[in-house]
Each structure stands twice: as structure tokens, then as C-alpha cells.
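Chains A and B are the protein sequences, given in the same order. The first sequence begins at 1 in the numbering used here and counts up one residue at a time. The second sequence begins at 1 in the numbering used here and counts up one residue at a time.
In short, the hints are calculated from the structure, not lab data. Just so you know, not all the hints are guaranteed correct.
Below, a list of computed lysine-lysine pairs in the DSS-like style, where the Cα atoms sit at most 27 angstroms apart [stated by the list, open to error]: (1) A:207 / A:293; (2) A:400 / A:183; (3) B:4 / A:446; (4) A:464 / B:261; (5) A:330 / A:253; (6) A:204 / A:194; (7) A:461 / A:449; (8) A:462 / B:261; (9) B:212 / A:461; (10) B:212 / A:449.
Computed, partial: chain A to chain B, Cβ under 10 angstroms [to be verified]: (11) 142; (12) 279; (13) 366; (14) 424.
By construction, the Cβ of each residue, glycine as well, lies at the ideal position given by its N, Cα and C atoms.
Now for the letters of each chain:
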Amino acid sequence: MTYRISRRGLLQGAAGVAAAGTLAGCATSGDSSTDAAKGEVSAANPLGVNEDAPLEVVIFNGGFGEEYAKAHQAIYKERHPKAEIKHSATQQIAETLQPRFVAGDPPDVVNNSGGSQIDFNGLVAQGALADLGELLDAPSLDDPNKKVRDTLLPGIVDVGSYDGKFLSLNYAYSAYGIWYSEKLFEAKGWAYPKTWDEMIALCKTIKAAGIAPWTYPGKHSRYMSWPILAAAGKMGGVEVIKAIDNLEPNAWKHEAVKAAAEAYYQLAVDGFLQPGAEGMDHVQSQTEWCRGKAAFVSCGSWLENEQKAVTPPDFRMAVAPTPSLSTSDKLPYEAFRGTGSEPFIVPAKGKNVRGGLDYLRVMLSQKGASDFTRKVSSLTAVQGSSEGIELGPGLTSVTKLIDASQGSAFTWLYSSYYRKLERERVDAACAELFAKRITAAEWCDKVQKSADEFAQDPAIKKYKRV
Amino acid sequence: MRGKRLFIAVFLIPPLLLYGIFVVSPYAQAFQIAGTDWSGLSPTYDFIGLDNFRRLLDDGYFWNALRHNGLLLLLLPVITILLGLFFASMIAVGGRSDRVGVHGVRGAGFYRVVYFFPQVLSVAIIGVLWKEMYAPHTGAVNGLLRAVGLDGLAVAWLGDPRFSFWCVMAVLIWMNVGFYVVLFSAAMQSIPRDLYEAALLDGASRMTTLVKLTVPLVWDTIQVAWVYLAIIAIDGFAIVQIITDGGPSSSSDVVGLRLYKTAFADGQFGYASAIGVAMFFLTLTVAAMFLRVTRRDRVEL
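Pulled out of the complex, with its shape left as it was, chain A reads as follows (with noise of 0.2 angstroms):
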């Protein structure tokens, strides 16, 4: 999940903007028809591919790579040997496809993530994505007698559908929470803290110990906004989290919103933040935490991965859910924030749907799934995909962090539904908070003004969250 903007990628970028313009003149003849490329559906081909039909697939180069594609690439052929496969692979999603969709051109299958993602937002609401219900309904490639549908952890289909469409489909499976170095926390014989009260409390014990008790990445605050949700979905049930997700007038003035930005400004107050954080992106906050300077960060299950190359051999990252904030709280202390990440769209207008419908099936089969997380060390929308494959000690804990909860993961829409909500909105008004700028109180005004902008914006489209 890192991403690097390089100047060839930015002069690309440039010429996108021209080359969108140049196009938009020509391109009134987008609508080739899908349905050209439909073969004969049979069991073994109940998505009906024609064999013949030439794949197109775009993969974003970003943290996970490129190379679990190829593999996914090489069943696809295994199964439909007369079709060409075309990879590619960009770190400049937008800039590289959005001519493409102008022009009615667009691959089969878009791996849509990373720094440049093409805005959600806009893509539904230009009917640019093929509806996945079709491969939902669809028997598994393991089981003909469990469909697709089954096969996936709960909450993948929400985070990918768009009223009541099921999108895009959000192939890893990235747990968020608050991590520490369980290698620590022994040593000093500390443990996990399930309340507040109790977080404050050892946040003094390791200050005193000489270690910053947090860090965060200042200069992606929004990474400390995770937390935040997390314990207000918590203490005031998803309902708070769904009027968020409706921008709904007041949702971030709800109390529970309230209280848990109040928790956890109260670490920037008592200085339990590590001092320059405000200053770091996440790569320099994260490195500081490997390195045993700050005891807690929050993030995503992507974080073994991308520390992989500084994170000391017996360090023991480990995840645990936000601690509880009252004793009421609506959700239990296992409930934690589990979504999908990694998009894969299928464009509408690709010229074979079929075969990119049916290379999603391909991805969502044990093989396929079991083979990603072996590559990237994630764990992936399939239930059960990594048993019986050696996880690293972060992702291990991941595993127990799902199991432990029984089903009371849950998450928040309004960042994919408004991208720019989060990134620009949220992550300013944190970054403000947490360098003390502001208080709680003001950081919800702060949220919920952007976030009421945004509902009176008449060029965004608005989502229903049920």
C-alpha cells in the first residue's frame, strides 16, 4: 500500500488530461456491445466465455505487486486455452484507463486501487461497471453446488455494492486495528489494554518506560481516524456508522463520535503521541514503531507486508481491536473494523465481460485465493483460503482477530462512497487534532461541515447505505 508518484508518472498524467480532451470529441461511438463475446453455457462454463475471446487485464503495481496475477492468469488460460491474456501492470491507474473508458475501450478486468484510483464515485454514476451479481450467483470453481456468494467473508459484498449493485469486488481481506510488538509487551510485562481507562493507564507505564506509547503518520492522519470510527461504531452500535456512511445531518456530532474523538485526543493532550509524528508519513511512522520507539500504531493487516523489510525477526506484531470506551457499549471489545481492499472492477463496456466475470471466479477459487495469500501474504475475500498455509506472525493474529469477533466485524462505506471525504477532509481535520490544533469538539464540527458539503454538492453522487 505504498505509493510512489514518480515525474514520468506525473508527465503521463498530463498527457492523460490531453489525450482525455482529444478523445472526448471523437468517442460518441462508445456502446460496442457486450453480449458479442457470449459462448454456449454449460456447467463447465456457466458464465458462458466465448473460448475465443482475447482477456485483458490491468493490475495495480502497488504493494502487493504483480505477480499473483500471472498466476491467476495462467488457471484462466487452463481453462480457456484459446483465449489470449494481455497484463499489464500501472501504478497510475487513473491516468492510464481514464482515456480509455472516454473512448469506450476500456480492459475486461481493472484491478482499481492504489494512490490513483479512479474515483468510485464516478464510475458508478456513469454506469461504467458491469453488475458482479451474475458471478455472486455463479457456482464456486470448487463446489458446483456452493455459489460464489458463499465462498466470501461477510461484509465484501456490502463494501462492493452500490444501491443494492454488487461493484466491485474487494479481493483482500484487510482487518484494521491497533497494533504493538507482542515481543514488547512481554518483555515489560504489559498487556493488551480492553478499556480506555486502561489504554491511559499503560500509555503512563510505557511513557515512563522511555518509549513514545504512540505514533501515528501525520501526514496521512487519517490513518488515526480508523480508531476513531472503530470505537464510536463500538460504543454507539453501526447505526452511528451508517448515518456517517448516509451523511446524515450530525452523524459525526453523535455522542458516540464525540466520546471516542475525545479518547483519543486526550493522547495528543497527555503527550502520549510520539513527538515529530506530525511530521512522518506512514512509512516513517511505521519504521519508528519497528524500530521500538512508539509502542502502539494504527493500521491495516497490509502492515507486515510493507514493513517486511524493517521489521526486526523477533518483533511479534500483533492486532488487536480498539478498547472498549464505557462499559455500555453496544458492540463487544471483539467487534473491529474488517473490510475489503484491492478492487477488481469488470468495465461495462469491455469487450469481454464473460471472460472477466469468469476471471474473477477464477481469483475467488481456493487455488486462486490460497496462491495470493501465499505471494503477498494477505489474506483474501475467500473463507478458509489461508488454512494450511504458514502466515507470518502479524497476519496469524489477523486470523484470531476474525475468529475471535464471530461475526461482529463491521466497517464504514463513506470512504469508498466519498473518497475525497476521507482523504482530503478527514485526514486534514485529524492531522489538526492530533497536533492539538483543534479539540475533539471542533474536530467533529470540522468533519461534519465537510461532510454536510459534500450532501449539498449536486456533482456528487449520493449512496444509500441500508
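Position chain B against the provided structure of chain A, taking the given hints into account.
Coordinates of chain B only, in the frame set by chain A:
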């Protein structure tokens, strides 16, 4: 006669054609797109007249970014040119003078290479390099401050809205000054040495020779430098994007970055084009203004 014209045309038409297709037409199209609500993903869009520009007037984030470009525009050319002139004149005529004439400071050749160094690095590398230089704990800037006992000054440079913009500006100056040192040095080479000797004989101080002699004689070059630097100041996109990404809290945002994010992150190409059109007129105005203000009579040698 005719054959000659044809001959010239054969050479002129291909580049003009390329220029027309790849430079002029996208510009023209940006004007057209600026009047639409195009999302950048579909072949269809609606014309909405001047709505995008009206929105621009009320967009606090745009004005905030523009303010930063304004500051850059005021300060970047002045500081860079002053530093460039100073270094160049030190290299050319800063040292001792003897029977064979005036010399540069000792090691002038070395300095020339060192100043030019940043120019050899790509913008992306400079950006990443300085991002790490400014890192709160591991960065060289704070390391240096701590080494000389100024621990109190070792702050989180890029994490503080009071400093982030100035940090970026310092990098912009650092990366540009070398080029202008070389440019001014070249211009100074063409000034006859005996003019300096005459001035020195007449008892002019080094400062006087710089202001009264060197600057007027390289004025054309300074003028060009000014326009270039102004254009860099109105842009500033790449460095800002890499070092701070406009943060924290938009405290180092520039218009170019706003445009890029509006287009690619928000999928609002219509509005982004409106920002681009505004920038186009801004750049044009500034360039025209600078050329007018800096116009002076040419000095014949």
C-alpha cells in the same frame, strides 16, 4: 522563388502540425471542457455555461492554493535571481585581481559544478530526497540542528502548517538556483574584462561593480530568468505533490495540485479544466506583466 518556398514549407509544416495537435488543440479543448460537467469517464457531458467559474469564485480551497502561488510568485524569482547573481559574480569576478585581470573566488570551478548539481537530479528524486531530509527524527535537517545544540528548533517541519509551505519553497529555490548561476555566469563571460578593471581602477567597490556594471550588462538574461521563474512559481506542482501533497490541512497546496486532484481523484474534469483555464490566463498575465516591468533600454557593448 517558388521552389524555395516549398522547401521551407516542407520543413515548417510537420512541426507546426505536431504543435497544433499536441499543444494548441488540447488547450482549446480545455476551454470547451471548462464549460461542461464532464466527469472524465464517459463520452457524454452537458454544457453548464459558466457554472464552473462561478463555483471557482466561492471555492475556498482554490483561493487558498492561489494565495500560495501568489507568495511563490513574489518571492521565488527575487530570491533565486539574487542568489544566482551573487554566486555567479563571486565565481566570475569575486576573487583577487592582479596584472592579468580579475579572477573568481578560489575553487570557482568546483562551486560551479556543485551549484549545478540539483539540476542534474530529476524532480522526483529531489522531492523524495528532501522529504527524507525534513523527516522529524531521521532527517538531516533536524540532525544538523541537534548536532549544533539547537534541539528546540528541531520541529516536525512538514507536519506543521506554519512551516510546510516555506520548506517547500526552500526546496524550489535550492533546486533552481544552480541553473541560474550557470546562466548568469555565461552571460558574465561575455562582459569584457577591461570594464571591470577600469571600474576597479576608478575605485569602485565590488558591490558597486555588481550593481552598476554587471546587472545592467546581463539584464536581458535576468529578464528571461524572471519569466521562467515566474512560470515555475505558478506551477510548483511536482515538488509540492511529492514533498507534502499540499498538506497539512492544505497549508502548502498549489493550484496545479488542486487541478490534478480535482481531475483524477474527484473525477471532475469539467471543473478541473476551469481551474486550468484560470491558470492559463494567470500565467499569461504574469508573463506579460513581467516583460513590461523589466523592459529597459538595451546596453550596447
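Exercise. What are the numbers of the hints that this structure violates, sorted from low to high?
Worked result: 3, 9, 10, 11 and 13
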